[in-house]
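Undergrad: The residues making up each chain are set out below.
Number of protein chains: 2
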Amino acid sequence: MAKVEPRTLPGFMELLPNEQILFDQIKQTIEDSYKTFGFLPIDTPIIELSEVLLAKAGGETEKQIYRFERGDTDLSLRFDLTVPLAKYVAKNYGNLSFPFRRYQIGKVYRGEKAQKGRYREFYQCDIDIIGDETLDIINDAELPSIIYFTFKKLGFDDFTIKINNRKILNGLYESIGQKDNSVEIMRIIDKIDKIGVQAVEEELKKLGISEDVIDKIISFIKIDGSSDEKIDKLEALKIENEVYRQGVRELKDVVKYVRMFGIPENNFTVDLTIARGLDYYTGTVYETFLNDYRELGSVCSGGRYENLAENYTDKKLPGVGVSIGLTRLFYKLNELNIIKADKKSISDILIIPMTENLQVPIKLATELRKLKVNTEIYLNNKKIKAKMKYANKLEIPYVIVIGDDEISSGKIKVKNMETGEEVQCDIDASKIKELI
Amino acid sequence: MAKVEPRTLPGFMELLPNEQILFDQIKQTIEDSYKTFGFLPIDTPIIELSEVLLAKAGGETEKQIYRFERGDTDLSLRFDLTVPLAKYVAKNYGNLSFPFRRYQIGKVYRGEKAQKGRYREFYQCDIDIIGDETLDIINDAELPSIIYFTFKKLGFDDFTIKINNRKILNGLYESIGQKDNSVEIMRIIDKIDKIGVQAVEEELKKLGISEDVIDKIISFIKIDGSSDEKIDKLEALKIENEVYRQGVRELKDVVKYVRMFGIPENNFTVDLTIARGLDYYTGTVYETFLNDYRELGSVCSGGRYENLAENYTDKKLPGVGVSIGLTRLFYKLNELNIIKADKKSISDILIIPMTENLQVPIKLATELRKLKVNTEIYLNNKKIKAKMKYANKLEIPYVIVIGDDEISSGKIKVKNMETGEEVQCDIDASKIKELI
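Read top to bottom, the protein sequences are chains A and B.
Under the working numbering, the first residue of the first sequence is numbered 1, with each subsequent residue one higher.
Under the working numbering, the first residue of the second sequence is numbered 1, with each subsequent residue one higher.
Check before you lean on any hint, since a few could be wrong.
Covered stretches of chain B, going by a simulated chain A footprint (3 or more residues, C-beta under 8 Å) [stated by the list, open to error]:
| hint | region |
| --- | --- |
| 1 | 14-22 |
| 2 | 171-177 |
| 3 | 211-217 |
| 4 | 346-352 |
| 5 | 361-370 |
| 6 | 411-421 |
Cβ-Cβ distance ranges computed for the label pairs, FRET-style [to be verified]:
| hint | chain 1 | residue 1 | chain 2 | residue 2 | range |
| --- | --- | --- | --- | --- | --- |
| 7 | A | 18 | B | 259 | 50 to 56 Å |
| 8 | B | 336 | A | 95 | 33 to 39 Å |
| 9 | A | 18 | B | 307 | 32 to 38 Å |
Source of the hints: derived by calculation from the structure; they are not laboratory data.
Just so you know, these numbers come straight off a predicted model, no measurement behind them.
Cβ coordinates follow ideal geometry from the N, Cα and C atoms, glycine included.
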């Protein structure tokens with residue numbers, strides 16, 4: 001029979017089981033962390049009507065979308081979890097309680113150019129808080145506290161949540177007559193970490209901006225010091241623009257509340273260069289960096305938007321949210337070998353019968369399972385060596401061999417596969433549970 | 001601005017948060033149950049090359065597939081989790097340990113005619129055990145024990161796992177000269193519960209089968225009694241066909257081991273009418289029925305197949321597996337209102353600040369979260385009534401209101417939202433945790 005080569009599409013992550021166990025643990029940690037803050041789960045379809053999904057999209061995003069017809073229906077695969085959230089909230093407005101705090105963890109699809117570490121199918125882990133008409137600024141400080149809690153739970157200590165406010169930038173550009181250029185300017189500034197100050201200046205020149213205005217922009221970006229010092233300097237700048245002033249007030253409030261939420265000083269900072277590429281955000285913006293692994297880029301980003309669902313409803317629904325791009329994060333962390341699984345195997349124990357009498361080993365397995373011990377029993381007829389090799393390859397931490405001698409004596413040995421140590425024990429699930 | 005109507009495609013389940021909480025609990029229970037038996041997780045792409053995914057498919061299945069081109073690549077969305085498993089095992093053969101025990105829970109896509117309770121996007125929850133060359137018959141008995149454990153965990157007691165063996169049927173048909181008709185005959189017999197004996201007889205007549213052969217088939221199907229009595233009668237039948245004999249031996253072994261795995265007599269039965277529609281299965285087959293809700297049909301089905309990945313590899317990979325169609329099961333159970341969530345809300349407690357001094361309520365929330373209490377703090381400026389209404393709508397079980405009086409006295413009241421009872425307590429996370 002002719003065979004088809006079994007292969008997976010480039011840009012689609014497919015892990016071996018031991019890696020999958022690790023991936024799932026990270027995903028679970030993120031989900032548990034989101035739940036700790038009382039966020040509600042939603043699960044939206046991967047396929048949506050193109051008309052609904054692309055109500056706003058355009059440009060680069062639209063080109064990347066998996067879009068196709070079925071019958072005469074124009075369909076698209078979701079490319080993020082924010083547009084489905086907007087649809088969901090507009091559709092279910094009357095049945096939701098506001099502020100609506102939701103998390104969603106799911107796969108999204110972007111037909112990007114395939115390259116190492118870039119994925120076409122990837123998990124996003126999103127949280128958003130959506131207000132009805134209004135949403136207090138303190139919510140913008142709760143989100144960094146969730147980022148903080150989450151990355152601590154993931155085992156990181158040295159990370160920085162960078163916080164800025166788009167209104168400060170917008171107000172600044174308005175005040176120096178660069179309002180129309182502001183999105184483009186922010187896009188350029190956003191790259192400062194990658195390309196440096198001089199390259200930023202040159203790109204700004206190409207926009208036709210005069211040197212004295214560029215100087216103002218650069219001196220603004222160069223505002224330095226602690227978060228409080230930066231805010232003081234922002235307040236001291238003689239910019240009489242209401243948007244700017246409001247941005248500074250909001251940023252000051254966010255910093256105040258971020259401290260109240262218990263985020264240590266070395267885990268957050270005001271960074272006036274953070275703007276997020278998207279024109280989507282209208283206020284607070286965040287990026288998060290693992291300081292030992294800056295090459296990863298931002299591992300958790302987001303911000304405040306004034307009107308989530310304007311394409312679907314007249315209701316004004318301001319929100320604030322962040323997202324972790326889990327697939328890429330996992331790829332990088334795994335490549336750098338800096339994450340380890342809490343538990344390397346699913347099974348806590350492997351029972352290996354070396355007897356025709358399976359009654360005893362099966363009964364023990366059943367009893368252990370009732371005590372919530374993940375228990376596998378090796379049911380195929382192999383030599384003991386092959387069975388032990390299986391336990392080793394799966395990194396199952398404990399093994400019990402049960403032969404006729406063990407059955408007649410009522411005693412087994414629980415073998416710790418890491419240390420090689422064996423402890424004798426009755427054939428009794430509770431007693432065995434205590435040993436592992 | 002022109003609005004797009006926010007809507008979800010027909011046949012795509014999208015739940016409100018309170019239903020989603022329940023759905024997620026059921027999914028988690030199934031996953032935990034699979035892990036209890038030491039199955040390993042895998043996660044395969046939703047999009048695959050059509051050439052790979054459709055290596056075997058044909059007929060009805062192929063028509064239902066979401067298939068499209070991107071660039072010059074012919075892509076399809078997975079329609080089950082078995083074909084991706086076959087691809088995965090063939091592709092990763094050298095890196096897997098056999099028997100390979102994997103679970104996968106994920107969405108699959110079938111463009112079926114949209115109707116109530118039928119889904120185009122739905123979750124399957126699969127477990128399979130794949131052997132390398134051989135796989136002992138006892139594995140066919142472990143699977144019913146996992147079904148049993150899982151449905152018990154889901155809160156059901158009165159369900160029946162029906163077990164049969166395709167070899168018995170194949171051997172029978174061979175012995176009565178109906179081998180070529182056997183797939184068609186089994187398809188007809190499979191419907192006996194729905195359409196009755198007489199309709200089955202009529203459909204068999206239409207196949208051109210003679211009356212005395214139909215009589216043999218029907219009297220075979222009518223073999224009754226306990227599981228043991230049925231096996232005795234099967235053995236007593238004078239059918240000298242080796243396939244038939246092997247099927248009876250296998251069924252007898254499966255029943256013996258099923259008992260060893262501790263499945264009570266009233267939760268399993270030999271049922272000679274079960275054949276599974278698919279020609280895919282070659283030995284043991286299963287269907288599971290909730291006896292109080294027979295109208296749901298089989299809620300967990302599967303069986304033994306001799307060669308999982310024959311389209312991709314020359315390796316012989318026999319396997320046995322079952323699948324739960326979770327989306328449809330959830331829809332039905334929810335419609336019948338026979339499932340309840342263990343926890344109706346994500347948050348265990350809602351803290352409602354009624355003060356400008358947010359330091360104390362935020363600190364308490366942070367402390368509670370550290371103790372793994374899911375804690376939400378109401379951060380928006382609303383009247384107390386609106387805040388309590390929010391707690392009620394989200395069915396959060398406990399509420400603490402913190403105003404200036406509470407802060408100065410250091411005492412709060414923990415309100416049980418179900419009973420209305422209030423208990424006074426210090427502002428101390430550990431003490432509060434004990435009360436909830």
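Undergrad: A range of 32 to 38 Å was offered for this pair. Does it hold for the Cβ distance of residue 18 of chain A and residue 307 of chain B?
TA: violated (26 Å)
Undergrad: Count the residues of the region 14-22 of chain B whose CB lies closer than 8 Å to any CB of chain A, then report whether that count reaches three.
TA: Holds: 6 residues of the region 14-22 of chain B have a Cβ under 8 Å from chain A.
Undergrad: Closer than 8 Å Cβ to Cβ for three or more residues is the test here. Does the region 346-352 of chain B pass it with chain A?
TA: Contact hint for the region 346-352 of chain B vs chain A: holds, 3 residues under 8 Å.
Undergrad: Would you check chain A against the region 211-217 of chain B, counting CB to CB pairs closer than 8 Å, and say if three or more residues qualify?
TA: As far as the region 211-217 of chain B goes, the hint is violated, because 0 residues have Cβ atoms under 8 Å from chain A.
Undergrad: Is 33 to 39 Å a correct range for the gap between the Cβ atoms of residue 336 of chain B and residue 95 of chain A?
TA: violated (21 Å)
Undergrad: Confirm or reject the coverage of the region 411-421 of chain B by chain A under the rule of 3 or more residues with a beta carbon closer than 8 Å to the chain's beta carbons.
TA: Violated: only 0 residues of the region 411-421 of chain B have a Cβ under 8 Å from chain A.
Undergrad: Mind checking the hinted window 50 to 56 Å against the Cβ distance between residue 18 of chain A and residue 259 of chain B?
TA: violated (35 Å)
Undergrad: Per the coverage rule (Cβ-Cβ under 8 Å, at least three residues), is the region 361-370 of chain B covered by chain A?
TA: Satisfied; 4 residues make the cut.
Undergrad: Examine the region 171-177 of chain B: at least three residues should have C-beta closer than 8 Å to a C-beta of chain A.
TA: Coverage by chain A is violated here, the residue count being 0 at a Cβ distance below 8 Å.
Of the numbered hints listed earlier, those contradicted by the structure are 2, 3, 6, 7, 8, 9.
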